[in-house]
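Visitor: In case you want the letters, here they are:
Protein chains: 2
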Amino acid sequence: MRGVVMHAPGDVRVEDVAEPKIIKPTDAIIRLSATCICGSDLWPYRGADEVSEPLQMGHEYAGIVEEVGDDVQLIKPGQFVIGSFFASDNTCEICRAGYQTSCVHREVLGTSGAAQAQRMRVPLADGTLVATPGVPDDDLVPSFLAASDVLGTGWFGAVAAEAGPGKIVAVVGDGAVGLLAVLAAKELGAERIIAMSRHADRQALAREFGATDIVEERGEAGVAKIKELTGGLGAHSVVEAVGTQESMLQAIGATRPGGHVGFVGVLHDVAITGGDIFMTHVHLHGGPAPVRRFLPELIDLIWNRKIDPGRVFDLELPLDRAADGYQAMDQRRAIKVLLRP
Amino acid sequence: MRGVVMHAPGDVRVEDVAEPKIIKPTDAIIRLSATCICGSDLWPYRGADEVSEPLQMGHEYAGIVEEVGDDVQLIKPGQFVIGSFFASDNTCEICRAGYQTSCVHREVLGTSGAAQAQRMRVPLADGTLVATPGVPDDDLVPSFLAASDVLGTGWFGAVAAEAGPGKIVAVVGDGAVGLLAVLAAKELGAERIIAMSRHADRQALAREFGATDIVEERGEAGVAKIKELTGGLGAHSVVEAVGTQESMLQAIGATRPGGHVGFVGVLHDVAITGGDIFMTHVHLHGGPAPVRRFLPELIDLIWNRKIDPGRVFDLELPLDRAADGYQAMDQRRAIKVLLRP
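Going line by line, the protein sequences match chains C and Y.
Take the first sequence: its letter number 183 is residue 183 in my numbering, and every next letter is one higher.
Take the second sequence: its letter number 250 is residue 250 in my numbering, and every next letter is one higher.
Heads up, some of the hints might be wrong.
[Unchecked claim] Derived lysine to aspartate or glutamate pairs resembling EDC-like cross-links, with alpha carbons at most 20 angstroms apart:
id : chain 1 : residue 1 : chain 2 : residue 2
1  : C       : Lys-227   : C       : Asp-308
2  : C       : Lys-227   : C       : Glu-246
3  : Y       : Lys-186   : Y       : Asp-300
4  : Y       : Lys-227   : C       : Asp-276
5  : C       : Lys-227   : Y       : Glu-93
6  : C       : Lys-227   : C       : Asp-276
[Said to hold, decoys possible] Derived list of chain Y stretches under chain C, where covered just means 3 residues or more per stretch with a C-beta under 8 angstroms from a C-beta of chain C:
id : segment
7  : 196-207
8  : 272-281
It should be emphasised that the hints constitute simulated quantities derived from the structure, not laboratory data.
These figures come from a predicted structure and were not determined experimentally.
Each residue gets a CB set at the ideal place from its N, CA and C atoms; glycine is no exception.
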C-alpha cells in the first residue's frame, strides 16, 4: 500500500510501505476514508524535532474497520470509526478520570500505526475507537476527521481554560486548533470570544466559528489589547494553541487573576518562571488533549450537523501529493490539508 | 512604640519606631494582640532577597481596633480583628471572584503597615479586616493569628490542589504552611493525606492535624515513594509549600495525570519547562493566598474550637526578643515563632 514517509526535514515522500497487520488481539485494521497533516508534523519537517531514521507519518484518522483482533468486542468490521492520536484502554483509573492520553496502557499512533496511508493498525481498538451511528455521508468525513485531533484538541483547550457561560475567552493561535477552540468556546456557551489573528482568511473563519472580537497584536501589545477589551482585568479563559515561549507568556499575560489558561500547543523550548505563574494567580492546565473523552459528544454534534469543523481543511489533495500538502502548510498557504488515500 | 527592623541579612533589631497614623479615611489602626515571624521573612534574613534599606517587618496580625478613618463603616474600635498580608477592597470584580490578593486596589502589608510592632495601620479596613464574634479567650489568639497567613495559605494550597472527599492528598513541605495544608485537607474531607517530612516533631504534628502517611524521602525518591503508595499513579492533589525548584518538581512529579498541584511557597529561582507540565497533565494553580476569601470560615472553625491551628507556634517570645525568634526559625529550632507586643 501507499504511505507517507519523512526521510529528513523537508523531505517527505509517498512510497510503497508494508501492509499493517493485526499484531495483538486487541488491534483493529482500518481503511482510511481520509487523513491529514498536523501542525505537529511540521516540527520534524522544519527540523525542530530530530528525524534520525525514515518515519512513517500521520496520527489523525477516520475510516472503515476492515479487520479486528480476537479480543475486540465493541468495534466491528464495516463500522466507520474515529480515534485519537493516542491509543488508550478507556478502562484504567486515569482514562476514567478523562485523561485517556495518559492511559496507563497508552500507545502513540504514528509509532504504533501511521495514519497518512491507505490502511493503518489501531491498538486497543475497543478503548480507542468510537463508531458513528452509521457510515456517514461523504461531506461529513472532513468534520469527523477533524474530531480525531484538531477539534478534540481545541475543545480540550477550551475545557481546560474553563470556557463557559458568562466567560470572556481569548484564543492565542489561529491554526486549525486555535480556530476550533473558538468553535468549542462558542458551543460551551462563552459570552465573548476574542481570536488573536493577523490573517484575513483565518479571521473570517474565526468569526464564522463564533469569534466576537479579533486582536491582531501579538506579545505584550497583544496582552495590552486584551486588557483594554476587558476593563483592564484580562480574559477569564485563554486557550494557548501555538506552543512557543512568546505565545505561552502572551496567554498567561492575557488572563485575569483567578482565570484559566488551557494550553494545547506542543510546548517547544518553553520555560515558565516562578514569577510568571505566582503573582499572576492563573490556573494552568493542558497537555496532549484526551480527545477520546470528547469523541462521543463531538460525533453527535457532527452527525446532527450542529457544527462544521471540517471547514478548517482549506486544501484537499490525493495521498500521493502529500509532499505538496506539507509544503503548503509549512508556507502557511493552507490552514490544514486533508489527504484522500 | 517598639517595632522590628531588619537592617541587613541576619541583622534584626527591635527599636523605637514611629507610631502609625490614619493616612487615608479607609484606614484603621490596630493594637496587636500577637504577631509572628513568617517563613518568607527568612528570605531577606538569609540574603535571598535584597535588603537595600532598613525594613520594618511583619505582615501577620490579630488585634484590637483602636481607631478607624472617617470612611470606615463595618469595622469598629474595640473589635478583635484579623486580616491578610494584602489589604483589599473586597468589592472589585477580582475580589468577588475570590482573589483578594490580586485586588485592583491591593496594598501589601509590611510596606503599608508593619505587623511586628505594638500597633499597625491597616489600609482598606472594611475590605481587609474580619472581626470575630467577640473578644476571644486568650488561648485562642494564636489560632486567630495563624488564620492571618499560614492557615489561610495552607488552606488555599489545599483548595487550589482540589483536596476533598475521595482524594489522596500529598503535602510537600513541613513548615507551618505545609502542616496547616494537612489540617485543611483533613477539614476538606480528603480520604488520605501524605505528609512529606523528615523531622520527628513535625511528623507528629502532621499526624495530629490528620496525616495518614509520612514520606521521608525527597526529590525523585520522594516521587517514587508517593507513586508506590498510590498504585503507581501519583496523588490526586499535591500542595507545594516550599517554593524551590526541587520541591516544585517533586510536587508535579508526585501528581497523577489530571491531578492538581496547589503551590503556595513563594517561588524563588524556579523555572518550569514545557516538558514538566505538558506530558504530565497536571493542573497548576497557586500564588499569594487570598486569605480574605477564607477568613469568615476559618474564624468560625476557630471560634467554635473545631480546629487548633495555633499548635504550629512552638516558640513564644516577647516582641523585644524578635531577633532570637528569627534565629530559631532560621536554624529550624522552631516551626513558627509567636511574638507578644
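Visitor: Take the hints in turn and mark each one as holding or not.
Guide: Hints, verified against the model:
1. Between Lys-227(C) and Asp-308(C) the CA atoms are separated by roughly 31 angstroms; this puts the pair beyond 20 angstroms, and the hint is violated.
2. As the CA atoms of Lys-227(C) and Glu-246(C) are separated by approximately 17 angstroms, the hinted pair is consistent with the 20 angstroms bound.
3. A C-alpha spacing of about 16 angstroms is found between Lys-186(Y) and Asp-300(Y), which places the hinted pair at or below 20 angstroms, so the restraint holds.
4. The suggested pairing of Lys-227(Y) with Asp-276(C) is violated, with an alpha-carbon distance near 29 angstroms, which exceeds 20 angstroms.
5. Restraint check: the Cα-Cα separation between Lys-227(C) and Glu-93(Y) comes to about 14 angstroms, which is no more than 20 angstroms; the hinted pair holds.
6. At most 20 angstroms may separate the alpha-carbon atoms for a hinted pair to count; Lys-227(C) and Asp-276(C) meet this at roughly 17 angstroms.
7. Using a Cβ-Cβ cut-off of 8 angstroms, 0 residues of the segment 196-207 of chain Y lie near chain C, which falls short of the minimum of three, so the contact claim is violated.
8. Restraint check on the segment 272-281 of chain Y versus chain C: 9 residues with Cβ-Cβ distances below 8 angstroms, three needed, restraint holds.
Against the hints set out earlier in the document, violations occur for numbers 1, 4 and 7.
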